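Asks: Heads up, the sequence shown is in the working numbering, so the first residue is 65 and it goes up one at a time.
Don't take each hint at face value.
To be verified - Below, in silico cross-link-like pairs of lysine to any residue (SDA-like), each with a Cα-Cα straight-line distance of 20 angstroms or less:
(1) Lys-176 / Arg-164
(2) Lys-176 / Trp-165
(3) Lys-176 / Arg-166
To be verified - DEER-style ranges, computed between Cβ atoms:
(4) Ala-103 / Ser-136: 48 to 58 angstroms
(5) Pro-107 / Arg-81: 20 to 30 angstroms
(6) Arg-171 / Pro-91: 16 to 26 angstroms
(7) Ala-89 / Asp-143: 37 to 47 angstroms
(8) Pro-91 / Thr-172: 26 to 36 angstroms
To be clear, the hints were calculated from the coordinates, so they are not data collected in a lab. If you're wondering where the values come from, they're calculated on a predicted model, not measured in any experiment. Even glycine gets a Cβ: it sits at the ideal position worked out from N, Cα and C.
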Amino acid sequence: MNFWETITGSDLTRQWRAFETRAQALPEDYREAWAQINAGLSPYPDFSGRNLIPIVDAALSLLEESSADGQSVHEVLGDDIAGFCTALAGGKGARSYRDRWREQLNRTVARKLDRLGA
């Protein structure tokens, strides 16, 4: 990876395309689970860009190996894919974008109130 790829993120785009290509080779129920995993990880602000790639790669590898072994997606992930994503994100209570925005809003309001002397 060179400097230009790091700055523009083109290496990440290439990796995401490779993930999507790998996901298209999965059976239909696994592709649906893959889409749900992608959507389930998006609310967590700690997962963006370069730190998300290894996690997504591991989840996709799990799906690929399980489908190759002939297991159903429900045997691998269970019925709670959102719970699986929560576990990947660090468990229940992991910070989401909403938490981050709430903290930022609270800091801003507190700073404004301090200026007013309230």
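Asks: Each hint needs a verdict: does it hold in this structure or not?
Replies: Hints versus structure:
1. Among the hinted pairs, Lys-176 with Arg-164 is consistent with the structure: their alpha-carbon atoms are about 19 angstroms apart, no more than 20 angstroms.
2. About 16 angstroms separates the Cα atoms of Lys-176 and Trp-165, which keeps this hinted pair within 20 angstroms; it holds.
3. Under the criterion of a C-alpha separation no larger than 20 angstroms, the hint pairing Lys-176 with Arg-166 is consistent with the structure, at around 15 angstroms.
4. Our hint of 48 to 58 angstroms for Ala-103 and Ser-136 is violated, since their Cβ atoms are close to 21 angstroms apart.
5. For Pro-107 paired with Arg-81, a C-beta distance near 23 angstroms keeps the hint of 20 to 30 angstroms intact.
6. Taking 16 to 26 angstroms as the suggested C-beta distance range, the pair Arg-171 and Pro-91 does not conform, at roughly 47 angstroms.
7. Checked against the hint of 37 to 47 angstroms, the pair Ala-89 and Asp-143 fails, with Cβ atoms roughly 24 angstroms apart.
8. Pro-91 and Thr-172 have their C-beta atoms about 48 angstroms apart, which leaves the hinted 26 to 36 angstroms range violated.
In terms of the numbered hints stated before, the structure departs from hints 4, 6, 7 and 8, listed from lowest to highest.
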